[in-house]
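S.K.: Chain by chain, the residues run as shown.
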Amino acid sequence: MSNTTSTGLNASRRAALKAGVGLLGTAMLPWGATAMAAESYPAIGTYPAGTAGDTVFVGITVPRTGTYAVPGEDLLKGYQLAIEHLNSGDALIKMISPHTTKGVLGKKVINGVADSAAKPNEAVQNGSRFISENKASVITGCVSSAEAVALNKLADRERVIYLPGISGSNDTTGKDCARYSFRECFYGQTAAAAIAPVIIKALGSNKKVAYLTPDYTYGHTVHQSMEEFTKAAGWTTVTNQVCPLGSPDYSSFLLNIANSGADVFININFGNDAVNSIKQANQFGILQKQTLVVPYNTPFLARDVGPDLMAGVFAATDFWWTLEDRFPIAKAFVTSFEAKYNYKPEWGAMTGYMQLAMWADAVERAKSFYPPEIIKAYEAGVTLNSPVGEVKFRPEDHQLIRPVIILRGKKKADMKNKDDYYDVLEVVPGAGVMQKPDAFGCKLGSVT
Amino acid sequence: MLSWPNFLSQFFNGLALGALLALISSGLTIIYGTLGVLNLAHGAMFMLGGYAGFVVFQATGSFALAVLGGSLFMVVVGVVVERVIIRHFYSRPDEDQILVTFGIGIVLVELVRLGFGSNSIQIPPPSWAMGVTSLGFLIYPTYRIVVLGIAAVALLALYLVLYRTRLGLIVRAGIEDSGMVDILGINVNQVFMLVFGIGAMAAGFAGIINAPVVALTPDSGDTILVETFVVVVIGGVGSFPGAVLGGLISGEILSLTSMVNPSYSEVMLFAVMTLVLMLRPQGLLGQRGRA
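First to last, the protein sequences are chains A and B.
So in our numbering, the last one in the first sequence is 448, and the numbering has no gaps at all.
So in our numbering, the last one in the second sequence is 1291, and the numbering has no gaps at all.
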């Protein structure tokens, strides 16, 4: 980047000398310690310009419009709560990032929010703007893996840490993995590996399956993984209906599924697409004949579709609020989130919160905002606490090893309160459901 | 998925999709034909109609009143937009017209977002049209069959207005040559205002009757706008029968292609449009030089 030399330490020293002792006394002294630490590292990405003052900037790019707007808003709230907790030194964030006191390395966390509409080009524009205009130290957010993959490439090119939000494609930490990117949520392969034994046990062998698959990296990889893990039990695909992202009307796809003679209907759609397609599948009488399986559960699905349609539906998810009965951090998180936003957090919010908490932890352990040191801290694979138990990053592909939660929709009569949509069937440990780190072609680039 | 039952199902579904597309496109094509303005806010008006219907439905609980109230609201919106903004653009270059209607579209979408948020909303179908109907060869949602009927009736009504009334005569004359209509002493301005109102109503009306089928979001007009443009180009710009034919053809393309390869259904729509533009640039029922 062209601005690295002008913002390097030598330049700032010259500027400081020119500005005189007064300026030094008032402006430079409070962060003398940071300046000292910076001396040993060369400029890279937005470092050290981004953290030269008493703040550190987090660039948040999430879809706030379009088919993925609803999970986008939930994710955003997770980020905002994490930033508030970092700045106040809340007890909850310290459970995940034990070295946190207030802020990150004593700097106040500030942020900017931009709408990506789940479009990769807009996401990259948002990210680039945060980097060039705000000297962002970290970029985070996405609800589509197409965004995640595009931002992964931006992160490696610009040498700025990127933390995907919601991204279920195998590719994000597979063939499109990035040295500067770290994913919290699980993905197609792990979802399939975790949910397949449960649905095979519940529904039996030799089933005919109809898939409804959104036409981009996430949809295709989840579909492939689901086929792979159900094949052994004799499950066969009778139709795979590939539909465009953001389809308003699924009638033609659903008619094919209705006429396919399938026993099981695996719907891979996400966001509003999941809500619309399930409601429409019901209109076409599909849900009465075929068992619905949702391998990658979208936030608010049960609320938006209603318990009548979700009863008995199998779904894999990252977090469900009733995990508060099992994990103290989950309880603290749900309580804290609900107090601020007045609803139970969905998994997007948890992912957002965790991503920034784990970033803060990596920076605190690195004792510097120098990105290569932060990456080293991430790659150390330190075990951290989380609302879903202990987790840690895999250094080979920067994927968090974390459990997959298997849910089954409750009948309306069995719900204990208005948010009690699911039974948690299993918390499947992450390590056992992950492929070998290089199985999806991940080759991490260089740090510098 | 090639089988007779599935083919019949998809063919019927194509009709249902096509009738709705025809209805929305007719508004776009009448406005363009008469006023010469390419209304890029048409998708937003489709969406706004749906939300207006939703508000009336919430207040009254009646689907019929939602359709009526929402449609009337859209006439008013159309007339106001025409009087306040569009009429200043009749003599401006095409680019200005495109930009201003595009801008109106953005403002409408964002206003709705401001008021209702980005979450999807849905109007339930009237109770008598809930559930599924078995047509022998297929199971089809009852309400979608009703939509097919409503769209057909609405198109017939539009046809009667355009071809059997004095207003229709003037509108059709305006499509042919609005300058001459003006010279003949007819108040073209008033007609333009009415036409814009009717066009907005057609879009809004379609938005309401479609709301029980497809959940509404502030962005739901985007896809519709693109599809209606394809319909109008295939059918012939400015031609009402063209919009109907184009709509039905587009519905069938979307539905039948999905039988062979679902991921190509939208691509096929554009492929056919390209083919029409190459072989018959004025569209199937359009007239050369009119647009």
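Worth flagging that the hints you see were computed from the coordinates, not collected in a lab.
Computed from a predicted model, the values in this text were never measured in an experiment.
Hints should not be assumed to be uniformly reliable.
[Unchecked claim] Restraint-style ranges between C-beta atoms, simulated for each label pair: (1) B/S1062 to A/N417: 43 to 51 Å; (2) B/L1002 to A/D423: 37 to 45 Å; (3) A/K289 to B/W1004: 18 to 26 Å.
[Said to hold, decoys possible] Where chain B lies over chain A, by a calculated footprint (3+ residues, C-beta under 8 Å): (4) 40-51; (5) 249-256; (6) 270-280; (7) 310-324.
Virtual Cβ for every residue (Gly too), placed ideally from N, Cα, C.
S.K.: Between the stretch 40-51 of chain A and chain B, are there enough contacts, at least three residues with CB-CB distance under 8 Å, for the coverage claim to hold?
M.R.: violated (count 0)
S.K.: Using the Cβ atoms, figure out if B/S1062 sits within 43 to 51 Å of A/N417.
M.R.: With a Cβ separation near 32 Å, B/S1062 and A/N417 fall outside 43 to 51 Å, so the hint is violated.
S.K.: Check whether three or more residues of the stretch 310-324 of chain A sit with their beta carbon closer than 8 Å to a beta carbon of chain B.
M.R.: violated (count 0)
S.K.: Establish whether the coverage given for the stretch 270-280 of chain A by chain B is satisfied; the threshold is a Cβ-Cβ distance below 8 Å, and no fewer than three residues must meet it.
M.R.: Held - the stretch 270-280 of chain A has 5 residues with a Cβ nearer than 8 Å to chain B, which meets the minimum of three.
S.K.: For the stretch 249-256 of chain A, do at least 3 residues have a Cβ located nearer than 8 Å to some Cβ of chain B?
M.R.: It holds, with 6 qualifying residues against the three required.
S.K.: Given the range 18 to 26 Å, decide if the beta-carbon distance of A/K289 to B/W1004 lies inside it.
M.R.: Check passed, 20 Å falls within 18 to 26 Å.
S.K.: If I claimed the Cβ atoms of B/L1002 and A/D423 lie 37 to 45 Å apart, would that claim hold in this structure?
M.R.: holds, 41 Å
Violated hints, in rising order: 1, 4, 7; the structure is consistent with all others.
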